[in-house]
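Protein chains in written order, with our numbering: chain A, 1 to 205; chain B, 1001 to 1205; chain C, 2001 to 2205.
Worth flagging that the hints you see were computed from the coordinates, not collected in a lab.
For each residue, glycine too, the CB sits at the ideal point set by N, CA and C.
You can take every hint at face value.
Reference listing, derived: stretches of chain B covered by chain A, where coverage requires no fewer than 3 residues with Cβ under 8 Å from a Cβ of chain A:
| id | region |
| --- | --- |
| 1 | 1158-1164 |
| 2 | 1167-1175 |
Chain A residues, not near chain C, derived (Cβ > 12 Å throughout):
| id | residue |
| --- | --- |
| 3 | A35 |
| 4 | A38 |
| 5 | D55 |
| 6 | T58 |
| 7 | E60 |
| 8 | S67 |
| 9 | V70 |
| 10 | T71 |
| 11 | Y102 |
| 12 | M135 |
| 13 | E144 |
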Amino acid sequence: MGFRLRPVDTSFYDLFTRSAEHLVAGAEILAEMLADSADRNAVAERMRQAEHAADETTHEIVKKVNSTFVTPFDREDIYALGSGLDDVMDMMDEAVDLILLYEVKALPPELSAQVTVLQRCAELTAQAMPRLQSMKDMDDYWIEINRLENEGDRNHRRTLAKLFSGEFKTIEVLKLKDIVESLEGAIDAFEKVANIVEQIAVKEG
Amino acid sequence: MGFRLRPVDTSFYDLFTRSAEHLVAGAEILAEMLADSADRNAVAERMRQAEHAADETTHEIVKKVNSTFVTPFDREDIYALGSGLDDVMDMMDEAVDLILLYEVKALPPELSAQVTVLQRCAELTAQAMPRLQSMKDMDDYWIEINRLENEGDRNHRRTLAKLFSGEFKTIEVLKLKDIVESLEGAIDAFEKVANIVEQIAVKEG
Amino acid sequence: MGFRLRPVDTSFYDLFTRSAEHLVAGAEILAEMLADSADRNAVAERMRQAEHAADETTHEIVKKVNSTFVTPFDREDIYALGSGLDDVMDMMDEAVDLILLYEVKALPPELSAQVTVLQRCAELTAQAMPRLQSMKDMDDYWIEINRLENEGDRNHRRTLAKLFSGEFKTIEVLKLKDIVESLEGAIDAFEKVANIVEQIAVKEG
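Construct all of the structure, not just a fragment, from the sequences and the given hints.
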């Protein structure tokens, strides 16, 4: 298209960027939670704060959508992107919460590989959000998120196979499976965010 | 706004109220199911009937939306509210069904606390539905549902911690976890209903 | 209605039909996976290929929706139907994948009953898709899918009761429950497809 006729309110991009930056912070706290030496209560408390901060940004996005006459893209897409980012945080928060709650003694090293994938997804998403305005170089973002999701999927399957290998007591399998599934859920939620961004690009492009 | 220009079909409010009243009935049946002395087969059969009755009301809402030219609020919001109320019933029905199916011997007392929360949510929702027409005093409803959801969340986490405390056999943990998760799902579904109502209020307000 | 004013692009019906035919293929591969004599690695590999082929058809549907000016029915309904069909495949793929991954030794015969239901659902759906154009005899399709979903639900409950009867080791229950739930998820996904078709028929009828 030649030029935009709609006056664009840039602060939506700022809010999405802030929302994704909460995810960078959340992924880092999640990584700390896995450390053998972690003070789990203290780390979980920080995760709770990060999750509240993310919630507030989501509410700001919703409030802004409801009070803005001309939005940079479709209202429903703004809702979808806002709540998609929020879903990632919820899944990471759940993982941290379950590690605390279930009092899991030994976390298998496979979990760290998944959290590394999550940290990379968070960084890429935070870098992509400001580019929503120009829609430039978005392909790199989708392709890399999809590659990471595939990597996460292979990690996930390997971890499940290990959990059921006979090495762990059944009650520990039950606990670890929940944790492992929240990590996979968080990676899937990142992929969903990338899909929403792709759909917005197709519509607006 | 000064006055409404759209002629309003009041029976949508009646249908939502009836739908929420099914939830009051369902929550009570669920409470009976937890009693040590319960004839579980008979109680589950009554739950099935309550669930069918709720389904019929949901279908009436959908049929009415499809055949009404001027609806009191957006069609998609009516669908969302109707199916949101229906989701609560499905989760409560699932909880009753699992208690019957898994033949759980001893239900930990923590479950009763959750069902009390559910009963309170159902009553509040049934009282709020007729107020959709005037949108008066809806804040009290949202605030109280949110408070109850937080209480339910704390109960849920306490119950999970107990399940994994070593007191229960693993197979019982597996059964109880499913039941406990349906109860939490029902409370979350009530919160989702409150969020839909809040969004309607924002749009129409 | 008398006659259509919109020129209709028939290839949407072809794409939905092809999408449903992938499900027929997928359900058959799933049936092979249950056989005692199955080379599970080889069968799972064929499932992966079937799932990729289904994905490609889904992408074609999305691409076509985005590039077509006049669609045979609402864009959002085309998306919903396309992704509804895709969801079935994902659930069947998950079931096959878990059987491979968990290295389940003995699969209880109840699983075969569920896969027979799935095969029947797939055939009915594939036969119904070309009829989307005329919307003739769609009732038979919905009614039969609903009947099959009820049958599947009874199978599912019977299977869960058996899993928890004390006959299986807890770790096997944990594995089988996941597999059994993916089968039920696939049947539910078929019902959701039928509901989407029903809604389209109501709107367009």
